[in-house]
Structures are given as C-alpha cells and as structure tokens.
Amino acid sequence: MEQIGVSIISLIILALSFYFFKVANGTLSINRLTPLSLIFYYNLVLLAYIGSYLMYIGIRVHTDLHLVQDDSYYLITFLSVSYVLLSLPLFIIIFNKIWKVKPEEAFIKYLERPLISLFTKNDKYLYYPLWVITLTSCVVMVYLLKDSPLLNFILGKNTNILEARVIYTRNYSGSLIIKNTIGNAFIPLCSYITYSYMKMFPNKKWKLMFIILFTNSLLIYGTSMSKSGISTYILSFVLLKVLIEGKISLKKLTYISLIVITFVIVMYMVVYQDNQEIITDKETFFFKSGPIGRIIFGQLVGFVNTLYIFPQLHPFVNGGDIAFLRFLGFDFLDSSRIVMSYVSPGAVENGNANVMNSIFIAEAYANFGYLGILFAPLIVAFILHFFTLLLYKLPKTPIVLGWWIYVMFLLSNGIGGGFFSEFLFNTKIIGVSILTILLYISGHVLFTIYDKGYNRLVKN
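Numbering (our numbering), first residue to last: 1 to 460.
Take every hint as true, because none was put in to throw you off.
Calculated lysine-lysine pairs in the BS3-like style (CA-CA distance at most 30 Å, straight line): (1) K241 - K199; (2) K179 - K241; (3) K100 - K22; (4) K207 - K251; (5) K199 - K179; (6) K100 - K241; (7) K97 - K396; (8) K179 - K207; (9) K124 - K205; (10) K393 - K428; (11) K109 - K124; (12) K252 - K22; (13) K241 - K252; (14) K252 - K204; (15) K247 - K124; (16) K247 - K199; (17) K121 - K204; (18) K205 - K179.
The following label-pair restraints were derived from C-beta to C-beta distances: (19) I9 - G431: 41 to 51 Å; (20) K109 - F386: 14 to 24 Å; (21) G58 - I98: 35 to 45 Å.
Just so you know, the hints here were simulated from the structure itself, not pulled from any lab data. Here a beta-carbon is modelled for each residue, glycine too, at the ideal position from N, C-alpha and C.
Please take these sequences and the hints and turn them into a complete structure.
Structure representation (structure tokens):
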C-alpha cells in the first residue's frame with residue numbers, strides 16, 4: 001500500500017511539474033523542443049526523477065550505491081528532486097510575471113521571424129572570417145587528437161580506455177585555452193553559425209564549411225571517448241532547427257534519437273571492452289553499469305552519495321567548488337572529486353575514475369547544505385529565464401543563434417553537471433562570448449573598410 005501511495009504522489013508531482021513547465025515555457029511540444037522543454041523531459045524527468053523514485057521504493061541496482069544503506073538518504077533524494085521539478089518552473093513563471101513576458105506568444109513570434117543577415121545580403125564579410133576559423137579548426141582538431149584516447153584506440157596503442165580517459169582529462173599537458181575554449185566551445189559554436197547560414201543560403205560553399213566544422217567538432221568532442229559530449233552536441237541541432245524552421249518532424253526526431261542511442265550503446269561496448277563481465281552480464285551492462293543504469297540512476301547516484309558524505313565524512317566546502325578560484329591562488333575543492341574519492345578510492349588512486357557529477361543541487365548541498373538545495377533552483381531559474389529573454393530581444397541572426405544555442409547547451413548540461421562553475425561563473429560562456437564578439441568585430445571591420453569605403457568612393 002505504501003508503494004502505491006508513493007507512486008500516486010510521484011505521478012501527481014510529475015503532472016504538476018509538466019503543467020508548470022508548460023506555463024513557464026509556453027509549450028512542451030515534442031516537435032517544438034526548446035532548451036527548457038529539453039531540460040524537463042531529458043535532464044529532470046529521464047535523468048533524475050525516475051531514478052529518484054525507483055531508488056526510494058528500493059530499486060538500487062547501481063554499483064556505486066554501496067556506501068549508502070540508510071533509507072532516509074533515498075527519501076531526501078526523492079523529495080529534493082521533486083522540489084526541483086516543481087520549484088524551477090514556478091520561479092520562471094514568477095520571473096515571467098515580473099518582466100511581463102507571455103512565453104507562448106513570445107516564442108511563436110520569435111519562430112515567425114526570419115533569419116536576417118548582419119552586414120550585407122549574403123554576409124560575405126562574415127563568410128571570410130568563418131573560413132579562417134574553419135581552417136583553424138582542422139589544425140586544432142589534429143592538435144587535440146595527439147595522444148588522445150580516441151587516437152590511441154584507433155591505432156590500437158591503449159587497451160585500458162577508462163584509465164586513458166581519466167589521465168587525458170585530469171593531466172592534459174597541452175593548452176587548456178585551445179582545448180576548452182577554442183576546441184570544445186568556439187568551434188562547435190561556429191558550426192551552429194554556419195548551419196544557420198547554410199539554411200539561409202543553401203549553396204555548396206556554406207555546406208562545405210558546415211561539414212568541416214561539424215566533423216571536426218565531433219572528433220574534438222570524441223578525443224576523450226566521452227559519450228555525453230557527442231550526444232548532446234548532436235541533439236543541440238534539434239533545438240537550432242526548431243528556432244530556424246519553426247518545428248521538427250517526429251520522424252526526423254525519432255531518427256536522430258535512434259542514432260544517439262545506438263552511438264551510446266556502441267561507445268559503452270568499446271569503453272568496457274576489457275571488462276567482459278560488464279558486457280556479457282545483461283543485468284550489469286544495461287542496469288548496473290551500462291547505458292540504462294547510467295541514464296536512469298547515474299545523475300542521482302552522485303547526489304545520494306553527496307548527502308551521505310557531507311558533512312558526516314567531509315566538511316562542507318563552503319564555496320570552494322568555484323573552479324576559477326584556482327586562478328586567484330585560492331584552494332579549489334571539487335566536491336564531485338571528493339565524492340568519487342570516497343565511493344571508489346581505489347579507482348581514483350589508480351586513475352580509472354575522476355569525478356562523480358550529479359544534478360546541480362548536489363554541488364549546492366556540498367557547499368552550503370540544505371540552504372544550497374533550497375536556493376539553487378531560484379538561481380538556475382533566473383539564469384535560464386535571463387538567456388531566454390535575451391534571445392527574444394536580440395536580432396535573429398546566425399551569429400546570435402549560434403552563440404545562444406551553445407550557451408543553452410552548456411546550461412542544460414549544467415543541470416546534471418554542477419552548480420557554481422556551470423551557472424554562477426561559467427568561464428566557457430565568458431570565453432565564447434568574447435570570441436563571438438571578436439568574430440562580429442572582424443566582419444564589421446571588413447564591412448567598414450571595403451563596403452562603406454567602396455560606397456564613399458562611388459559617391460565621390
């Protein structure tokens with residue numbers, strides 16, 4: 001009877017959350033996906049809420065839950081995720097009221113607006129700087145492939161992919177600016193820009209540029225053999241397509257989803273090829289350590305362990321999770337790394353494990369306890385609302401769309417990746433914003449020198 005009651009309550013919470021998100025966003029239509037609707041369906045319901053419910057009723061098959069035996073932690077997890085599911089859209093609704101935004105009307109009006117050029121009819125003055133970036137992306141891709149797990153796997157040099165991934169991520173010896181800001185950020189952003197131009201001007205030049213940038217972005221995201229980077233990058237084009245064309249057909253959406261699912265399963269088989277027990281045991285592969293288990297329970301395992309570890313085994317880090325502190329000479333305390341060191345100390349020591357990321361309230365709790373859980377959805381809601389409102393205010397140009405899609409791509413990933421470095425001080429957003437402004441300035445300078453100069457010459 002108790003389980004039936006919990007199931008009914010969970011369904012009521014889910015229904016209320018669906019309604020609140022629909023009011024906050026204006027739509028939750030599948031063929032008109034927005035970042036907020038993707039956050040609801042994917043980041044919150046699929047990756048968080050289902051798992052919190054299943055763990056609370058006793059289904060705790062994930063291998064990384066061995067530390068936590070007390071049922072109260074699973075109850076707190078379920079209640080906390082339920083709070084996020086309800087409070088996040090409610091805060092956005094409040095912000096809509098404060099700024100007098102009618103989300104459905106604003107979204108439809110934006111979809112009806114055509115893409116426009118920045119400087120000239122065919123934006124040739126932005127075309128040339130983008131070609132420079134496209135050619136540069138080839139050099140960056142080769143640079144990042146060097147000694148990467150992907151290249152070593154292709155060449156058959158490395159048998160332990162899990163260990164190679166951790167070493168490549170934590171002990172990367174190359175330029176972090178090239179890796180993080182240019183490779184993992186600005187090049188994918190430019191692929192969004194060229195995709196938008198390709199839709200505006202369906203000619204071979206823009207198509208070729210997009211193909212090169214898209215391919216290089218896939219290879220760059222794949223250097224660490226990470227599954228999530230490539231998957232979310234592909235899915236981000238669904239959001240971009242909706243903003244440009246107004247909607248996406250269910251057939252295309254299904255096709256893209258199947259590609260992503262197939263890719264994730266294949267990547268799991270490749271990564272765990274040295275651990276035949278995981279691959280051959282169906283329960284282990286699909287539920288404990290495999291794709292289904294990682295999807296349903298992966299984002300929550302870190303949160304449950306965070307509740308257990310802080311402050312009983314480790315004191316709250318009190319803001320030490322802000323990665324930028326290391327550049328100011330302060331101690332950087334990565335709570336997700338601390339959690340992993342308790343859950344799998346041997347794996348951390350021998351280099352097979354790195355961090356245990358979770359839903360954003362986990363990091364907020366590791367820093368400030370239950371106050372962090374209470375106020376984190378308010379901050380996240382404000383940031384999501386701010387960037388959504390900004391999109392409606394800015395001109396609908398390829399460069400704005402590319403920048404905005406990438407920013408929202410980072411923020412939606414941040415729902416399951418952290419709090420401070422994702423929402424409060426995201427250095428990637430700052431970096432790509434500066435580079436996007438420089439791209440705009442380069443086009444404007446060329447336009448001023450050649451186009452306006454030519455017009456003045458003709459008048460004289």
